Amino acid sequence: MRNPWAETGNYKTSYRQDTAIFATYLEMLSLWALVALLLVLPFFLKRPQVFVLDLILVYSLAVLGLNITTGYAGLINIGQAAFVGVGAYTAALLAPSLPFWLTVPIGGLAGAVAGGIVGIPSLRIKHLYLAIATLAFQIIFEWTVGHSTILKQGGAIAMPRVEFLGYKVGYKNHYYFWYYVILLVVVLLAFAFRNLLRTRYGRALVAVRDNDRAADAMGMHPGLTKIFAFALGGFYAGVAGALYAYLSRAVVIEDYMLPVSIKFLAMAIVGGLGSIVGSFLGPAFLVLLDLNMEDLANWLKSLGLSYAGVDIASAMRPLTFGLVIVLFLIFEPRGLANWWRLVRNFFRNWPFKY
Amino acid sequence: MSYLLQLLVSGLVVGSIYALAALGFVLIYKASRVINFAHGQFIAIGAFTVYALVVYLKLNVWLAFGLALLFTALVAFLVEKLFLKPLVGQPIISVIMVTIGLASLLDGLIHLTPFGGGNFSLPRFLPEGGVSFLGVSVSYPQLLAVLLTALFLAGFGWFFQRSTLGAAMRAVADDQMAAMSLGVSVEHVFALAWAAAGITAAAAGFIVGTVSGINLESLVAIGLKVFPAVILGGLDSIPGAVIGGIVIGILENLATGYLDPLVPGGGTAEVFPFVVLLLVLWFKPHGLFGTEEIERV
Amino acid sequence: MRRLGVLILLALSFGFAQKVHLMWSGAITGPTSDAGKYYAQGVEDYCKYANEEGLTGGLTIVCETRDDQYNNANTQRNFEEALERGDPAFLGYSTGGTLQLKPLIQEVGMTYIPASYHIGNIDPPNNDYVFLPIVSYSEQVIALLEYIAKEKPGAKVALAVHPSPFGRAPVPDAKKAAKELGIEIVEVQEMAKGLDYTATLKRFANKGVEYIVYQNVAGPVATMIKDAKRLGLNIKHAAAHYAGGPDLLRLAGDAAEGVIWVTSYYMPYEDAPGAELVKKLGKRYNRPADTLESVHYPSGMLAAAIAIEAIKRAHAAGKPVTGDAGRAAVYAEMLKLGFDPGLAVGPVTYTKDDHVGVDHMRVLEAKGGKFVPITEPFQSKLFRKVHYGK
Chain C
957 MRNPWAETGN YKTSYRQDTA IFATYLEMLS LWALVALLLV LPFFLKRPQV
1007 FVLDLILVYS LAVLGLNITT GYAGLINIGQ AAFVGVGAYT AALLAPSLPF
1057 WLTVPIGGLA GAVAGGIVGI PSLRIKHLYL AIATLAFQII FEWTVGHSTI
1107 LKQGGAIAMP RVEFLGYKVG YKNHYYFWYY VILLVVVLLA FAFRNLLRTR
1157 YGRALVAVRD NDRAADAMGM HPGLTKIFAF ALGGFYAGVA GALYAYLSRA
1207 VVIEDYMLPV SIKFLAMAIV GGLGSIVGSF LGPAFLVLLD LNMEDLANWL
1257 KSLGLSYAGV DIASAMRPLT FGLVIVLFLI FEPRGLANWW RLVRNFFRNW
1307 PFKY
Chain E
10 MSYLLQLLVS GLVVGSIYAL AALGFVLIYK ASRVINFAHG QFIAIGAFTV
60 YALVVYLKLN VWLAFGLALL FTALVAFLVE KLFLKPLVGQ PIISVIMVTI
110 GLASLLDGLI HLTPFGGGNF SLPRFLPEGG VSFLGVSVSY PQLLAVLLTA
160 LFLAGFGWFF QRSTLGAAMR AVADDQMAAM SLGVSVEHVF ALAWAAAGIT
210 AAAAGFIVGT VSGINLESLV AIGLKVFPAV ILGGLDSIPG AVIGGIVIGI
260 LENLATGYLD PLVPGGGTAE VFPFVVLLLV LWFKPHGLFG TEEIERV
Chain S
13 MRRLGVLILL ALSFGFAQKV HLMWSGAITG PTSDAGKYYA QGVEDYCKYA
63 NEEGLTGGLT IVCETRDDQY NNANTQRNFE EALERGDPAF LGYSTGGTLQ
113 LKPLIQEVGM TYIPASYHIG NIDPPNNDYV FLPIVSYSEQ VIALLEYIAK
163 EKPGAKVALA VHPSPFGRAP VPDAKKAAKE LGIEIVEVQE MAKGLDYTAT
213 LKRFANKGVE YIVYQNVAGP VATMIKDAKR LGLNIKHAAA HYAGGPDLLR
263 LAGDAAEGVI WVTSYYMPYE DAPGAELVKK LGKRYNRPAD TLESVHYPSG
313 MLAAAIAIEA IKRAHAAGKP VTGDAGRAAV YAEMLKLGFD PGLAVGPVTY
363 TKDDHVGVDH MRVLEAKGGK FVPITEPFQS KLFRKVHYGK
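Residue numbers (our numbering), protein chains in the order written: chain C, 957 to 1310; chain E, 10 to 306; chain S, 13 to 402.
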């Protein structure tokens, strides 16, 4: 490497250099700067805004999982919300007896197990049919929760108030506390995600996505790899679910139903399928869009522009959501991460043009 | 015995609604290999158009029905031209997501009308009561449902076998390249397939309106029930779609009749078709009548 | 606090009316929106009316209705926004949402008036700040069971409920009451969004069910009633508050003849001050006919009326009506509230132990396309015995 601070082009000479997580010291520094900024950010924001930030981070976790299953391994998963729900309900059941730093990983493991089970059909069916199978699992999950008395049949299961090192988290600092917890988890799991491709397992995922018969010929077991992909995606989702349960103070089935699965898919696509940056940009974009649409609709209503029997806000949200997905797919199918990639490449070659 | 018979007959009625919806779904898949997640919204558009024409413009029911068929066909046609054409050749995930996005878009548009929430029922245009035989009672709207489905089936069957356009569509479904080389406009066929799907969806919506009330959520839920029906019948088989729809309708009724007492609160009809879907995918993924896809290395 | 009160009085004396925000969050679209739509209109219209007629004691009450589409996450977000804004009370809607918010409501001390009459809302834990406008679902269903037991002792009854906490709410109490009354609850069926309820109805008929008691919203109930008529079944239908009403008659047509219904509200064609108010407001704010006929329109009005009355009284007592102090002041007023806006068959009364506003209800029967009362306003003693054990 010619210059450890700025790349100014591609001078990599070994495989090890290519797969390094940080290409330059500058990259590493900028990431630490970002983390530092994130650490102090809540002090400049009002409470509802911190809540929005927490939501974005939790969704990013779920979308990271989806990007492993759908982005890396190419297995379309229309049931990610069900895995999130598995993690959430596990946390809800265990919360009265275990501290949160245990229930969250256990929720993740439960999500992984659920993912493994859903992955079993991938031993026999592929592509579209597998996607439809995940849809069926999502519906079955919803129904099972709705009919299990232990899970209050989908009604609200309240999460107990959390105590950390003898300090009870109350209403005023709820979102701030969880912000730091979620941030820590997100940073850890995002690094794990980034690291995945360097390992044998990650490369197996991509190989199986690209051509599973060839991968089979090369000695990887495509079926087991696919199950592994689902399980890993399920783990991320389970962790996200447990955190979300604590964040929203209660677990209700409506937060883990089909429309939410679709939202996760949309976030993954809008962000950029398979990219780590996209896993953050997608949720951020869609959550902020949703909130702005609500404000816009309320403003329109106050202007008296609504008419009898119609609630503009309920129209604007799905309308813009659908429009955004469709426009991205037509004009920018590689998602927001593509814009980021272009910006990065510009700086990679800077000060040279190419 | 008459209990079972009644369950079968009501299952047939509900199943013909599913069959009509599944028919449109399969048409789209056969022609353009697209899984349409927005089918429920097409059904809703058809149903609400009939309602609006009958209640607000005071048109005759059958005239409203015909106009609704045309309108929904037009909407589906536009959807194909505007949103699906640009995505030809893209990976399957994009195509799936586009119909999902469309479902949301159409949902939003429907919410801009007063039909976004609440229940609506078509004014009655058939006589009260129904027919009874063997201890089974069927109301006139239900008879109409079965009749209309049979008519549509026959109509489409004739269309595909006898007309040039139908033959062209079958050719495109079989082998796009060969069809193109023979002068068939594949673009045309795609759009027509979508329009035809719109017609069947509107018919399904109309029937739902006559048999029970119209409500956006339950109409969209029918769009979801289509999946078990087409997987059972085979994604690319038209008779499969119809048979799949009817079987799913019957299975739902049987589940309510016999499984519900075993489960607290009942409601097994919601989940049973999807369990069947999974079983079919495991044992016979291409359904009863679908074509086996053989992967070559 | 005192300084704030003085400031407010000063501000008022300058003729500058203080603005107090009141939010309602519920399903204007989505599940149960056939009730929520009209409820929201009731809240909005009563608010406007109260401001215009000076029923707000010099304040300007700004009402806001938000559509949360029956999604609890949205309800929670709306609630927290109202909390941040300093609203002194909150008008809720869904059973699930209320139950989920109870811990938070308890922690912040926000007076919460939901459209859900689930008894669990005002049962411990975390129940100090939730107030029901009228009698709970459990009490309504038990009242229906009492009426059925009187009409036909030893009857066989099936419960048909909405597949959600709202629907399941009265089931445990109903089962206990049925045992006391000597009637048999043969089955409890959760009504899925079905196109056709033939299978369920046939199953009921095979088991000899004579009455179906509904805890649902009007849409699915209308379908089931029509199906029962079509199948020629000799079954009588009894609906709790949300399951019945003029909406049911509109949707079910003449199949609804003979359906009995229990509620605390007056019908718009009755000779009562509440009915007059409904007609007046509906005309003033240009509401269509189906709003005026719906029972959810006066329901929304009542909820808004209760909140506004409490706020007005807190203000008249010189207390603040926004922020933490406002919440406490309004809550204090709620605990001793007693007034009658005329919308229901009894006055709204609250005490520390009684969080049910209107304690009375009536049974009505559908005759000739209208619901007519067939009992005088009454309370259900059996409910108190079954639920509280006294």
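Derived from the structure by calculation, the hints contain no laboratory data. Any given hint could be a false lead.
Below 25 Å or equal to it, Euclidean Cα-Cα: the simulated BS3-like pairs (lysine-lysine) are [to be verified]:
#	chain 1	residue 1	chain 2	residue 2
1	S	Lys187	C	Lys1002
2	C	Lys1257	S	Lys60
3	S	Lys191	S	Lys393
4	C	Lys1082	E	Lys39
5	S	Lys364	S	Lys397
6	S	Lys248	S	Lys205
7	S	Lys248	S	Lys164
8	S	Lys379	S	Lys364
9	S	Lys295	C	Lys1257
10	S	Lys397	S	Lys162
11	S	Lys168	C	Lys1257
12	S	Lys168	S	Lys188
13	S	Lys248	S	Lys191
14	S	Lys168	S	Lys191
15	S	Lys191	S	Lys162
16	E	Lys293	C	Lys1082
17	C	Lys1082	C	Lys1002
18	S	Lys348	S	Lys292
19	S	Lys188	C	Lys1257
20	S	Lys248	S	Lys162
21	S	Lys397	S	Lys379
Computed from a prediction, not measured in an experiment: that's the story for all the values here.
Here is what the structure says about each hint:
| no. | hint | verdict |
| --- | --- | --- |
| 1 | S:Lys187 with C:Lys1002 | violated, 48 Å |
| 2 | C:Lys1257 with S:Lys60 | holds, 15 Å |
| 3 | S:Lys191 with S:Lys393 | holds, 15 Å |
| 4 | C:Lys1082 with E:Lys39 | holds, 18 Å |
| 5 | S:Lys364 with S:Lys397 | holds, 19 Å |
| 6 | S:Lys248 with S:Lys205 | holds, 22 Å |
| 7 | S:Lys248 with S:Lys164 | holds, 11 Å |
| 8 | S:Lys379 with S:Lys364 | violated, 40 Å |
| 9 | S:Lys295 with C:Lys1257 | holds, 21 Å |
| 10 | S:Lys397 with S:Lys162 | holds, 18 Å |
| 11 | S:Lys168 with C:Lys1257 | violated, 50 Å |
| 12 | S:Lys168 with S:Lys188 | holds, 15 Å |
| 13 | S:Lys248 with S:Lys191 | holds, 20 Å |
| 14 | S:Lys168 with S:Lys191 | holds, 12 Å |
| 15 | S:Lys191 with S:Lys162 | holds, 14 Å |
| 16 | E:Lys293 with C:Lys1082 | holds, 13 Å |
| 17 | C:Lys1082 with C:Lys1002 | violated, 47 Å |
| 18 | S:Lys348 with S:Lys292 | violated, 29 Å |
| 19 | S:Lys188 with C:Lys1257 | violated, 47 Å |
| 20 | S:Lys248 with S:Lys162 | holds, 14 Å |
| 21 | S:Lys397 with S:Lys379 | violated, 33 Å |
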